[in-house]
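K.L.:
These two chains come separately, so use the hints to put the complex back together.
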Amino acid sequence: MLTKRIIACLDVRGGRVVKGVQFVDIIDAGDPAELAHRHAAAGADEVVLLDITATHEGRGTLLETVRRAAAKLFVPFTVGGGVRTAEDAEAVFTAGADKVSINSAAIARPELIGEIGASFGAQAVIVAIDARRGERGAEDAEVYISGGRKPTGRRVVEWAREAEARGAGEILLTSMDADGMRTGFDCELTAAVSEAVQIPVIASGGAGSAQHFVDVFGRGKADAALAASIFHFGVTDSRELKAQLAQSGVSVRLPC
Amino acid sequence: MIAVIDYKAGNLTSVVKALKFLDVHDMVVTQSPEEVLRAEKIVLPGVGHFQATQLLKDLGLTEAVRESIAKGTPFLGICVGLQWLYEGSTEAPETEGLGHFASQCERFPAVYQGADLKSPHVGWNSLEQIRPDSRLLRGVANGAFVYFTHSWRAPVSADTAAVTNYGGAFTSAVERGNVMGVQFHPEKSAEVGLRVLRNFVEL
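Those sequence lines, one after another, are chains Z and S. Under our numbering, the first residue of the first sequence is numbered 1, with each subsequent residue one higher. Under our numbering, the first residue of the second sequence is numbered 257, with each subsequent residue one higher.
For reference, chain S alone in the conformation it holds in the complex (with noise of 0.2 Å):
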């Protein structure tokens, strides 16, 4: 059973939509820290603000993911659910996140290398530097195109899958072992994005 977590961020629908295209009948969309608990696979979707992430503490999911994790259950966290991986965002910054990966997710700034760069960074951008070790980005390559709509982003680290570039590089995917994230939506992010969704449905 696949727990999508459900903490009132923007809109599930497209999310569980792809999730139902890709014949995943076995599916909670649900805010239970015992349903989270019991689940296979745990998909945290998001779009929007990182304080929205407060309700997870505030709900128990946050243990429950902590403990899910540990025990190897695969989680996959879609923008904003991916920067809550981290330890923070400069854009809530009472709000703490998992923490799972070092440092704090930032804003892009609003010049880069002389010129104004826009913000939020909206549009198709290219996925550079796969880790071919990668399980969730299997089969994607180098330059394919996907989904970006955000103005925060995640540093590059080791743990970082692919990177992006806009405003210098940041990591567009992120995994260690059985936890990842993506900071593009494979929802929206056609035939590459289904590609995406359906490696984590497979693991």
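Isolated chain Z, as found in the complex (with noise of 0.2 Å):
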């Protein structure tokens, strides 16, 4: 049986993994190479590394940094932030990753979904949407691009079928209202985008226990869920969420 992903989330910046504490401090949590290890290790399903200020300068540090992670990666490694041209995902993918994350570039310009499927494969190309709803309902949740500052007047659900006509090989939703909240993703708004689309939809944003991982794979519809902080607060790998998961019924990849 085809079983449900946890993704584990790494956020990067200047080369070294951060991560926010109450949404605006940012301390240093590590180096992304050995993360990725330990995530994988500790029974990650897939490894997604964010660059989550994707400066020209740091574009250098970022593809060592990927190199050095996929060098021992044996899981899917997901690359993400800054890719902008095919041939930004090349050098990417040259570095070892087996699939790219785009998110402002393909509004910009939703051939690239098209043309980084040519060279590379459907499956290697992620497009990742920044939805937000307030008191809308799902269906009129609108896509943000710019790391959530900027709106863009689309609707998610029609955004993700146009992405998956393009050639998208998975959607990776995050709702904006929801993340950091901790108070559990946004099942509605997951559910009315994995309806719409054939592809796998990948939940982020609002993780704060297991609970809210059953449903989402669950209410959600969603075939993977993204977790960064949550192993930071009271879980403490992919391995034990797993184990929690599994007595609720949802199919996961045990052992790992």
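Hints are not guaranteed to be accurate.
[Stated by the list, open to error] Straight-line Cα separation of at most 30 Å, DSSO-like style, residue types lysine-lysine; simulated pairs:
#1 Lys-276/S / Lys-72/Z
#2 Lys-327/S / Lys-297/S
#3 Lys-273/S / Lys-72/Z
These are calculated hints, taken from the structure and not from any lab test.
P.N.:
See the structure below:
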């Protein structure tokens, strides 16, 4: 049986993994390559590395980081942040990534999805969508870009459909409303997107407990869920999280 | 010497990296039929479109592989590399496969047992009904999880070494004599995947 995936996410800035504390203060959490290995060893099904600043001068650092992280990583490895052209993507793949995640650049020029897919296959292209809906219904959630700073006027469900039609292999859906709140994923929004497309949907934003994952895999119809800070709040690692999910009847990769 | 065939399909890096991790140093990444003929083992990686395998024929690699297989050289096809061992795929009907195994690869059905079936099949799924005589899957337990990402799959036949269930059973590993293939990505399947690659390297 196809299992639900737990994906460990590393936010990288200037070549180091960082984590926000109370949404503002950024503290250093360690070396990306080392943490990527630690997450894989602790049972994560995949590892995602997001260059959250993606500054031009940081590009060299990122590629070196990707190379080091990928060298001994034998689970799928996604890199995102600052991939704006097919050439950027190629450099990231050459450094050892299996998939790239594109966000603002795909909105700016949707052809990019197909261009990367043509060379590396659709399975290698994840379109990341940052969604905000406030009090509106899930169908009216709006796509934001530039790290959540700029509204686009586009509806999330429609953009997800277009991304699929243009050849995206997966959708990484982050609820900006839920992000950092630890009150659970936006299951309604995740289900709306998951039902609108045939490709897998990765839910992100809001995880605070194992029950939140049970909810998003059930009601939210997510195929995978991204976890970052949850590992700092009561759940020690993917293996422990999966053990709790298995007890709740969620199909997960165990032993791992 | 292990020849890893480069036919510009997806990314070779991860397969080469995994082989290096297993202490394989005598390895060439090649498009040369001569090197393929000289190799002691052949790996055909692949991810992406079946159409890409057309290049194998155009470069004379199909004939080189056929000849190598005939003289007993162990061969491992990964993902599209497995599918290429069959007669063809509905993904690119005009492109011929090697035809070592009978039948065509087909797309997952959009609906299975009355429910929508997502495609591609992405993620960790289990190996079942592992054939006890499989040399490639030696030491791998029934139910072991491996990583898949594909939309087309090979049917189950007498040469099937393991099946996986998604929209019905399909061939996740095939093996007859020295010719082997896996639909999953051993280079991305953690310990289980490394075990499969090690089994092949140590043949």
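K.L.:
All the hints need checking, so say for each whether the structure fits it.
P.N.:
Comparing the hints with the structure gives:
1. Lys-276/S / Lys-72/Z: holds (10 Å)
2. Lys-327/S / Lys-297/S: holds (11 Å)
3. Lys-273/S / Lys-72/Z: Holds, because 8 Å separates the two Cα atoms, which is no more than 30 Å.
Of the hints listed earlier, there is not a single one the structure fails to meet.
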